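Asks: Residue numbers (the numbering used here), protein chains in the order written: chain A, -1 to 278; chain B, 71 to 323.
Don't take each hint at face value.
Here are the simulated DSBU-like pairs of lysine-lysine, each with C-alpha atoms no more than 35 Å apart in a straight line [what the hints assert, rightly or not]:
(1) B/Lys287 <-> B/Lys312
(2) B/Lys287 <-> A/Lys185
(3) A/Lys54 <-> A/Lys38
(4) B/Lys312 <-> A/Lys185
(5) B/Lys279 <-> B/Lys201
(6) A/Lys185 <-> B/Lys111
Cβ-Cβ distance ranges computed for the label pairs, FRET-style [unchecked claim]:
(7) B/Leu218 <-> A/Pro134: 53 to 59 Å
(8) B/Pro129 <-> A/Ala239: 39 to 45 Å
(9) B/Asp190 <-> A/Phe46: 50 to 56 Å
Non-contacting residues of chain A with respect to chain B, defined by C-beta distances greater than 10 Å in every case (computed) [unchecked claim]:
(10) Glu31
(11) Tyr130
(12) Lys185
(13) Leu273
Keep in mind that the hints were calculated from the coordinates and are not lab data.
Please read these numbers as outputs of a predicted model, since none were measured by experiment.
Ideal Cβ placement from N, Cα and C applies to all residues, glycine included.
If you want the building blocks of each chain, they are given just below.
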Amino acid sequence: MLTREKLIEKALLLLALSAIGSLALITIFIFLEGLPIILKTGLSHFIFGAHWAPTKGHFGILAMILSSLYVTLGALIFGVPLALGCAIVLAEFAPPSLTRILKPTIELLAGIPSVVYGFLGVILLVPLIRTYLGGPGLSLLAASLILGIMILPTVISISIDAMHAVPTLYREGSIALGATQWQTVRKLVLPAARSGIITAIILGMGRAIGETMAVIMVAGNALSIPTSILDSVRTLTANIALELGYASGAHREALFATGIVLFIIIMILNTAATLIAGRR
Amino acid sequence: MLPVKIQVRELTFHYGSHCAIQGLNLDIYQGEILGLMGPAKSGKTTFLRVLNRMCDLIPNVRIQGSVRLDDEEILAPHYDVDSLRRRIGMVFAKPVPLPRSIYENLAFAPRLQKKPQHRDDLAELVENSLKAAQLWDEVKDRLHDSALKLSGGQQQRLCLARTLAMAPEVILLDEPTSGLDPISTARIEETLTALKKDFTIVLVSNNTKQIARCSDKVAFLLMSRLVEYGVTPEVFMVPKQKETDDYISGRFG
């Protein structure tokens, strides 16, 4: 039976490698397709150039990089306080029976297709912004709010896990010293769970920066560096999705190059999350 | 006769349907060490957790009866448990320093009390507490190192010092020496004996010899009930109940 054992082992190894192999292939493909145009345009022109007119040979993606970063920052500003508040309540204050129901419910948020978020944004949020705050409604603000909601499940559930990982004995020690429950959370649980919470926020960032569909639907996709939160913006992901259908030649390569930039940003975020999570 | 610090009357405690303490009556006198002994699951730890209301943290418990601290009912529904826990400090079986420096562990409770405190006063309080717990000489040069680096015995004395820094009136100790070597145990016992003039102490221990050495009064719990209570030497010489005799001479438990 040893041979059969070996066979299964090899088969599993092959499956594992094929998953990693596809990652490698995607990486190689994106870089092969996108690098030449970056080299031709020049890296600094490509990244810091504000003029994007691919059919006329101008490939500057600064406006989109900034838009992506602003939208992500906005999502964090809206999403993180809400998520942390929610995580603290569920991990520390709510009775365990309630947490058992509410945590999976919040995780359901992650299962809603992004096109549905976008749809709700267009139908509900955009008109509100247009009516009460002015501008086109399709805006940086709308995208930030929608993404802020979309990152909630990631940030909440990883933060709850991080707080649950803090030993109960620490909490008892603190409470026995006369600390109230809130003092215990603020002075003990949050500092002890800090690295896990930062990881949660970084993974939420990765989700926000990579989101495409919902952003295309509510951000307006105008090609300029935004000067106000009510301006319409186009993110890196939106740019690829919107133009790939008709792009060819150098234009198509430039979209792949946009993909490289996105890829590198997300790689940096994920590596940071892994490093911080590993440091305890 | 010393004044009664804590008076327990007809205390009954349930976890769900399991009865952990059954009709307990007990007086704890100021400035004495009450030793509490009994086999596992006899209700000792539960009793300590009732005294500083740490039992509130456990869901599904039911308490009946009365516990009065300085003639004040602490089981009253809206009693201020946070200030109660400052008056009744607790040291756990397993030493749990907070994941901070030695100094910060000591300063934790005083800072919570939000008294306007001068830095030097706080430093002095830290030093005095560490001295009282007989830990000062060993840690005075590394107060800002992580408390987690200390040895088990040192950690336990740190936890005791941390409780002393809170300036409580009563100190509850839940098998404080269960994980320690004989030398560390001896140091803790010395410390307790030295402390009892200023504090009222309740010492839970599985080690009957420790109870015999340290305590002034002793209570023996068995199967959720108080079996015997009395002055320590008398109980150990001539126990009134057969169960007590069996327990202290090691025939069970």
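Asks: Provide an ascending list of the numbers of those earlier hints which the structure does not satisfy.
Replies: 2, 4, 8 and 12
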